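K.L.:
Sequence:
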Amino acid sequence: MARQRIEHHATTSADPATVYALLRDGASWPEWSSLETFALERPGADEPEGVGAVRRFTSGRVTGRDQVAELVPERRFSYTHTSNIPVKDYRADVDLEPTADGGTAIRWVSAFDPKVPGTGRLLRRGLDSFVAGLANGLAEHAAKVAAGRRASA
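1 is the number of the first residue of the sequence shown in my numbering; add one for each residue after it.
If you are wondering where the hints come from, they were derived from the structure by calculation, not from laboratory data. The reader is advised that the hints may include incorrect statements.
Claimed, not checked - Per label pair, the in silico range of CB-to-CB distance:
#1 Lys88 with Ala151: 41 to 49 angstroms
#2 Val116 with Ser59: 17 to 25 angstroms
#3 Lys115 with Ala147: 18 to 26 angstroms
#4 Gly118 with Ala21: 38 to 46 angstroms
#5 Asp89 with Thr63: 14 to 22 angstroms
#6 Thr119 with Arg91: 25 to 33 angstroms
#7 Glu97 with Asp128: 17 to 25 angstroms
In this text the structure is predicted, and so the values were computed from the model without any measurement. Cβ atoms here follow ideal geometry from the backbone N, Cα and C, with glycine treated the same way.
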């Protein structure tokens, strides 16, 4: 079975700190993605949404659990998916790079192995638009948050 990989890029006028804060705050995800609800199922070792935290998201009748895997302030947010889609060893890395104009370049990479041989391309095709929506939704929402802060300053 070949490991599957999805990569999407987005750019926002928001600074990396704003983008990173949205990634860290699971409750914000339903505001900028197709996910409908969030609940912290298990806190992380050092802080509620720190490394090891299990975050439960729902969309329609589908419930998924993601575990926070790596945190590099203002640079990287990584998680593994622990339930509900027929994949194994799913990991997503969201890398943030400051841009020359003070914004942020977002690179969202998801990789996984299919549980059922021969289904990798089909799963990748299905997840591709979801991951694109995450990256683009994050970029758009972060820009609105940053603009609101600038307007109130």
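K.L.:
Take the C-beta atom of Thr119 and the C-beta atom of Arg91, compute their distance, and say whether it sits inside 25 to 33 angstroms.
P.N.:
violated (18 angstroms)
K.L.:
Taking the CB of Val116 and the CB of Ser59, does the distance hold inside 17 to 25 angstroms?
P.N.:
Check passed, 22 angstroms falls within 17 to 25 angstroms.
K.L.:
Are Asp89 and Thr63 spaced within 14 to 22 angstroms by their CB atoms?
P.N.:
holds (20 angstroms)
K.L.:
Between the beta carbons of Lys88 and Ala151, is the distance compatible with 41 to 49 angstroms?
P.N.:
holds (46 angstroms)
K.L.:
Does the Cβ pair Gly118, Ala21 satisfy 38 to 46 angstroms?
P.N.:
Since Gly118 and Ala21 have Cβ atoms about 40 angstroms apart, the given range 38 to 46 angstroms holds.
K.L.:
Assuming the hint says 17 to 25 angstroms, is it satisfied by the Cβ distance from Glu97 to Asp128 or not?
P.N.:
holds (22 angstroms)
K.L.:
Are Lys115 and Ala147 spaced within 18 to 26 angstroms by their CB atoms?
P.N.:
violated (42 angstroms)
This entry does not satisfy hints 3 and 6, going by the numbered hints stated previously.
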